[in-house]
Structure formats: C-alpha cells, structure tokens
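There are 2 protein chains.
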Amino acid sequence: MTAGGGFQEQEALSPDELREAWPALSAVERAEGLKLLPRDTAEDLFFTITPREQADLILALPQAEQRSWLRGLAPDDAADLVQEAPTGFRDRLISMLDDQTRKEVTALLAYREDHAGGLMNPRFARLRPEMTVDEAVTYLRRQTRQAVEMTYYAYVLDPSQKLLGVVSFRELMAARGDRRLSEIMKTDVKSVGEDLDQEAVARLFRQTSLVAIPVVDAENRMKGVVTVDDIVEVVSEEATEDIQKLGGSESLGEPYLKIALARMIKKRAGWLAALFLGEMLTATAMGYFEKEIDKAVVLALFVPLIISSGGNSGSQATSLVIRAMALGEVRLRDWFRVIRRELAAGLALGSILGSIGLMRIFIWQGLFSTYGRHWVLVGLTVATSLIGVVTFGTLAGSFLPFILRRLGFDPASASAPFVATLVDVTGLVIYFTTAAAILRGTLL
Amino acid sequence: MTAGGGFQEQEALSPDELREAWPALSAVERAEGLKLLPRDTAEDLFFTITPREQADLILALPQAEQRSWLRGLAPDDAADLVQEAPTGFRDRLISMLDDQTRKEVTALLAYREDHAGGLMNPRFARLRPEMTVDEAVTYLRRQTRQAVEMTYYAYVLDPSQKLLGVVSFRELMAARGDRRLSEIMKTDVKSVGEDLDQEAVARLFRQTSLVAIPVVDAENRMKGVVTVDDIVEVVSEEATEDIQKLGGSESLGEPYLKIALARMIKKRAGWLAALFLGEMLTATAMGYFEKEIDKAVVLALFVPLIISSGGNSGSQATSLVIRAMALGEVRLRDWFRVIRRELAAGLALGSILGSIGLMRIFIWQGLFSTYGRHWVLVGLTVATSLIGVVTFGTLAGSFLPFILRRLGFDPASASAPFVATLVDVTGLVIYFTTAAAILRGTLL
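Going down the list, the sequences are from chains A and B.
Numbered per this note's numbering, the first sequence spans residues 1 to 444.
Numbered per this note's numbering, the second sequence spans residues 1 to 444.
The reader is advised that the hints may include incorrect statements.
Identical copies carry no separate label here, and so any pair may be met within one copy or between two of them.
As the list claims (entries may be wrong) - Below are the BS3-like pairs computed for lysine-lysine, each with C-alpha atoms no more than 30 Å apart in a straight line:
| hint | residue 1 | residue 2 |
| --- | --- | --- |
| 1 | Lys162 | Lys186 |
| 2 | Lys190 | Lys258 |
| 3 | Lys190 | Lys35 |
| 4 | Lys162 | Lys103 |
| 5 | Lys186 | Lys35 |
| 6 | Lys186 | Lys266 |
| 7 | Lys162 | Lys295 |
| 8 | Lys190 | Lys103 |
These aren't lab readings, by the way, just hints derived from the structure by calculation.
Hey, can you work out the whole structure from these sequences and the hints?
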C-alpha cells in the first residue's frame, strides 16, 4: 500500500485478502480494491457487506460508477442502503435509481426498519389462479429474467392483489402441466401484517420452518415477502441487543471494534451511573446498621459474600426468564407458573448455599477459631440470611422482566447488574434483620 | 377435555387451538388431537414441532400409523427425531424407515449434532456438467417427485461426486435451453467441511446471504446441503446457550417451562455453588482487613458500593466481548486492541463513577455530617478506589473471555457472576490498600 493510501496497480488482490483487510481500509481504499477485482467477484463481495459499508463505498466511487452498483441491488437492499447513508446523500442516492425501483424504495422507507414492512422485498413471483402449471412455469421463466426475487414460493393473487394461495416451486415442478393453479395451490397461507415486529416475524419463521412469508396489509393485499435469509440477521441482532442489555449496557448498535470509543463509553456510562446511584442505597443501608457493625465487626466480614450470592442467583433467574420470553416460551400470562418455579428453585439453591456457608464457618472455627464465642449463632445468621437473600434474588430476577414487559419496556433491561443492585440493598436489610433477631442479647 | 384425558370426538379442534393447548397436553392427548385434524393440516403441525415432540408423538400412536408419519420426514429431520427419542426406541424407529432413508439416517447419526454434517440434508438436486439447461429442468422436475429437498440451488457434480459448480434455479430458468450447465454454472462455490462447527456455519450464512451451502468431505465430494432455515434455529440456540451461560448457569438445553424442576436446579446449583466458594475469599479478605474496619467502621459502609461497581462494569465488558466473539467481530488475535479500548473505557467509566461518589460524600457530609472529621480523605479513598476497581473490572471482564477461548473453553463461561466474583475479591484488596495509603496516620 502506498503512503498516500490506495493499492498499487500491480498488486493482484484476491477477494479473500481484500475481505481480510476490509475492516482496516478507508472507503476510498475499499473502492479502489473493488476495482481490482473481476466484476462478478466484486459483486459477490459488494452484496455481502453491510448496507452501511455499501453506502460509504458507493459514495467513494466516481459518479459514473455509482449508478451501476446501486442498480444491482434488490429494492429492499437499496432501501437499507439509503437508510444507512449520511442524511445529506440520501436524496442523491434515491435519484440514481430507475423509476420502478425508486417508487418501491420510497414506499419501503415509509416502514419502520424493525417491522415486517421494513424487512420485506416488494418483488415476488405473482401468479393468477386461472393459469395452468405450464403457463405459470413459462411466465416465471420470463419474470426471472427481470429482477424478481426468486424464492421457493410463488403467490397466487386476485386482480386486486389479494392473496389467494401459494404454490412452492417444488409443487409446480411436480404437478401435471395442464392443471390450474387454483386446483393445486395451498389456500391456508401463513402471512404477517406490515407492522408486525421483526421479533415476532422471526418467531413465526422458527415455528413454521417456512423459507418465505408473505406480508399483507389490513385488506389482505400482498405487499411483499420476507425471506428466511433476512431473518438470520434479525435473530442474531435481537440476541446481540438482549445480551448487551443483559450485561447492563445500552445496545451498541454497531460492531464492537468499529464503534467510536467515545460513543461506546457514552452508551455504557448511562446505565453504569444509574446503577451506581441505586447502589448508593447500600451505603445508606450500611449506615443504618453502623451501630450493629461497630458492636460485631464479624458481621461485616460476610457482607460481600451474602449480597453477591443474592446478585448471582438473580442474574441466573433474570437471564433464563428474559431468554425464555424472547423465544416465546414464556408469555406474560405465565407469570404465576414462573414465580412458583422460581420460589422452589430459590429455596433449594438458598439451602444449598446456606449449608456450604455453615460448613465453612464451622471448619474455619475448628481450624483458626476465627469467629469468637458465638460462632454457632454467627453461622446460623449467615445460613439463614443466605436462604432469604438467594430466594429473594431468584424471585426478583424472574419477576422483574414480567413487570418491565407489562409496563411496555424491554424485559432485557432487567439486566444482571440491575437485579444485582436491587438485591444488594435488600440483601443487606435481610442480613442485618436476621442478625438482629438471632444475635440479640449475645453479640448485639 | 374429559377427566381421563383425551378429547371427546365431537369437539372439532382447530389447528390453532391444538397448537395453543399443545404445551399442556400429554403425548397421548397430542396423538388423539392430531387424529381429529385433516391429514394435511395434521402434517403441517407435525412438521413444525420439535424433533423431541415428534418422537414422543410417534411413539404414542398406534403401531400401524407410526410408519407413515415417520416416512414423511426428510432424512435429516428423521435423524434428529431418532436422536431425541428415548434410547430404547431408537432402533425400532430406524427399522421403520425405508431402505434408502435408513442408510442416510444411519450415516447422519454418525455426525455430531452441532457439526455441519449433523445439520445437512443428504438429498439435494444433483446435475451433471454436460447436461443442457432443458435437460436439467426436465430432470429436476422428475427428481422433485421423489423426495429431494428443493432448495434454491442445484449442484453440478462429476461422476465421483466431486463438486464442480452450482446453478441457482433462477439462472436455470433465465438461461437459454440449449446451453450446457458447464457454461453457465458458477465454479467458485462456497462450501463447508463435514465437521465445521455450527456456529462457524451460521457465521458463513450471515456473511454471504446464501440460502444453502454444500457440505463436502476432505476430497471435495459433496455430502449434503445445509439450508438457511436450519440456521435460524442454530443462531437462536447458540444465543440461548450464551445468554444462559452469561447469566451464570449451565445452558438448560430445554425450554424453561418444560425442563423438570429438579434438573433445572441441578444445572443452576453447580455454578452458583462454585461462585459461592470463590466468593468466600471475600470473607477471608474482609477478615484480613478486620482491624482496619474496627478502627474505621465508616470504611465498611462503602464496601458494597465499591465491589458492586466493579462487578457491574465487569458484567458490561464481558457481555460485550463475548457477543462480539460469537459474531466473529472480535478474534483471538484482536486481544490487544480490545484491552487497549477497555483500558480507556475503564478509566473513563471509573472517573465518572468516582466523581459521582465524591459528590455524594460531600453532599451527605454537608447535609448530615455523616462521615466524621476526615470526610475529605474518606471521599478521596472512595473515589480513587472506584477508578481502580472499575478499571480492573472492565479489564478483567474483557480479558477473561480471551483466556477462556485460548484455553479451549467457551468464552461465554466468563459469565457476569464469574467476573463479579473475581472483581469482588480484588475490589476489596484495592479498596483497603487505597484506604491504608490515604488514611494512614489519620483514621487508620
């Protein structure tokens, strides 16, 4: 690479090398790299990079070439690209499209990106019910020479574009040529509304193992088709969001190594500061019990152990429930079944940790006589508190996602750190209250 | 539903009602429900339930009907079903298959479920390079009447089954009928090895937006085809596993509401107990600083606040890095870039929390004179410790996934609770060491 940026002409770069170097290259270098590849290899690469990268790349190309790259895209991909381009360039990009695509792209831009309408391709194979199989095959062969997205299905529509039925290409190829589509089509078609959330669309794909699902408006007029290859990206993105939120951060919305450091810190600082403010209640709670700690410093020793056990069990519960909700395994109305299970799980897990804690205190006392005269009572305090704190942590972790969803928030905001913070404060209260009850008259 | 279980014959159950009630029904009730549906609706339902449910259902059917349901499945689905059936029944299920499928299923069972070989369908559209387009179309129409999985592509093989090229049906339909496949096929075919991990297969699908990828052995002989609809499930499963591990639990491997309570508790207790044992080091550390706490109880008040801030920042960092690794955005060799970013992020986040902490102490002191004569020094101790603890938490959370992956473990095992536990112990040491340095001669 020369110092001025850009490749030297004699370097024959393979597509794999270019892809390897891709993240490190500027848009101008990428545009130059692309020019060194044979056109079809360059297209393969172009079609697989993200819409954002496509936009940057096109804007870095000489004006004469921009149009031809843009026109190679299907309308839904072109719409994604326009959406990702810097605001000032969107109109110019749209104006480069051919008339039909421009109309389609403009229509698609009206949909929210995360709705079925924003995912769909408005081009699909359309047939009429009175066609014969042979006519349909001939017609499809002609349609595919234009840029119709070929999926596995062709859709049978009436003159007002209402969806009547579907035939798979397999059925079309296997059927006798003189049968009418109305005889062989499946009329019980699964479809989705234009404004169905992409998470729900993904769930439907998982449940049905279809390759494509038609999108219809309120009058059952077919608007486009969502294909399963777009859903892979949706499922992956939704999981990324959930994992980032669960970890106690805003979702980054960009690849980890690409997001600007300052922006990443901003996205992380918000939640962290909010949690810190909540966690300050622990200092208040500890202040409230300062006299007890002063009298029995031994109690302070177990504070981190007890509150973190509550936090850990809460993390577990909230992660399990949030994921089960995202997968549709658990719905809002299942809350009672979940709470019942988690109550049982919390009591069992608390008892296990309580027993381990008790053993530890007995063994350390035997070996080092660490815990003073009242070590049995201290052990009981710790064990009892653990059962209480772990049960509370488990219940809080499993119930919070329900509350958030009921209030219209994303359940994944009930992040592990959020639950841990809540449980830390409550855990201190449980611990010192238990201590007061068990140790009154002896240590306290 | 009658008390004895099973539906009354007069109830005409719709497929949606049956699906709705599904989770609550026993295998016998499901089998009876299925019988009430028209055959093709019943098949639609049968093909969309999980392999485990299919297995239970088939085993609950009268013997005469088992065979017909089993034979409706593609070989890869039949293999999944056999794998999920109780051990004692597997041979009987295999023996019910027709000869060809039995051979294919037996071959598939030799692959690991989470490898490309375990995901692939061994039936696919095979063509020969010397065929013309017209011959290919005729041949495909015949093949589809047998149970070949029709995907979007047909594969061109030489006589020893080596993969020469691929044509999409779209290309086939658009091409002139007398051209040879060798002229129109694409020879630069992306394929995967039989034992490639399903996570890597999913990543390839995301990168390429292909609908199907061929699976080849070491000699480039084509063994089958993985289709994108199976990948949706893989992506979702892998995310579920990661989220459950990140939450500090073993991955459940079953839907939350379906797993037996005892088994779920077992999967959760292991990690929780291990973390508890680790967390016990906090009691040891606190014991080590008992004298300091005794002298300055005010120090104890901030223990939960400080260690949980480290835990929260560690949760953030580990979640972000683990997800970026799973998506292939961050690779092992990127460790230095990640550490550098996280060092900067940790220092920035620590300074933000430190400033908030300092303000809080100053305000409380102004309002309630809570923190005694040396409140400025206490404030400095807390703020300095926060910077140290948050930076350490961020670094530990981001570096642990690299260590685990390097050692061959799943990076997602660097769960939020795991990092929090590690940071709790270290956080205490950082806090009390800072206190000793700043408060020596005054409070300590």
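Now for the hints, and whether the structure bears them out:
When the C-alpha separation of Lys162 and Lys186 is checked against a cutoff of 30 Å, the pair qualifies only within one copy, where the shortest distance is 14 Å, while the shortest distance between copies is 37 Å. Taking identical chains as interchangeable, the C-alpha atoms of Lys190 and Lys258 lie at most 30 Å apart only when they sit on different chains, with a minimum of 27 Å there against 39 Å within one chain. Proximity of Lys190 and Lys35 under a CA criterion of 30 Å is satisfied inter-copy only: 22 Å between copies versus 44 Å inside one chain copy. In this assembly of identical chains, Lys162 and Lys103 lie within 30 Å of each other by CA distance solely inside one copy; the values are 20 Å within and 45 Å between copies.
For a Cα distance limit of 30 Å, the shortest separation of Lys186 from Lys35 across copies, 21 Å, qualifies, whereas the shortest one inside one copy, 47 Å, does not. When the C-alpha separation of Lys186 and Lys266 is checked against a cutoff of 30 Å, the pair qualifies neither within a copy, at 52 Å, nor between copies, at 47 Å. Proximity of Lys162 and Lys295 under a CA criterion of 30 Å is satisfied in neither setting, with 79 Å inside one chain copy and 81 Å between copies. Taking the shortest Cα distances, Lys190 and Lys103 sit within 30 Å of each other inside one copy (27 Å), while across copies they are farther apart (35 Å).
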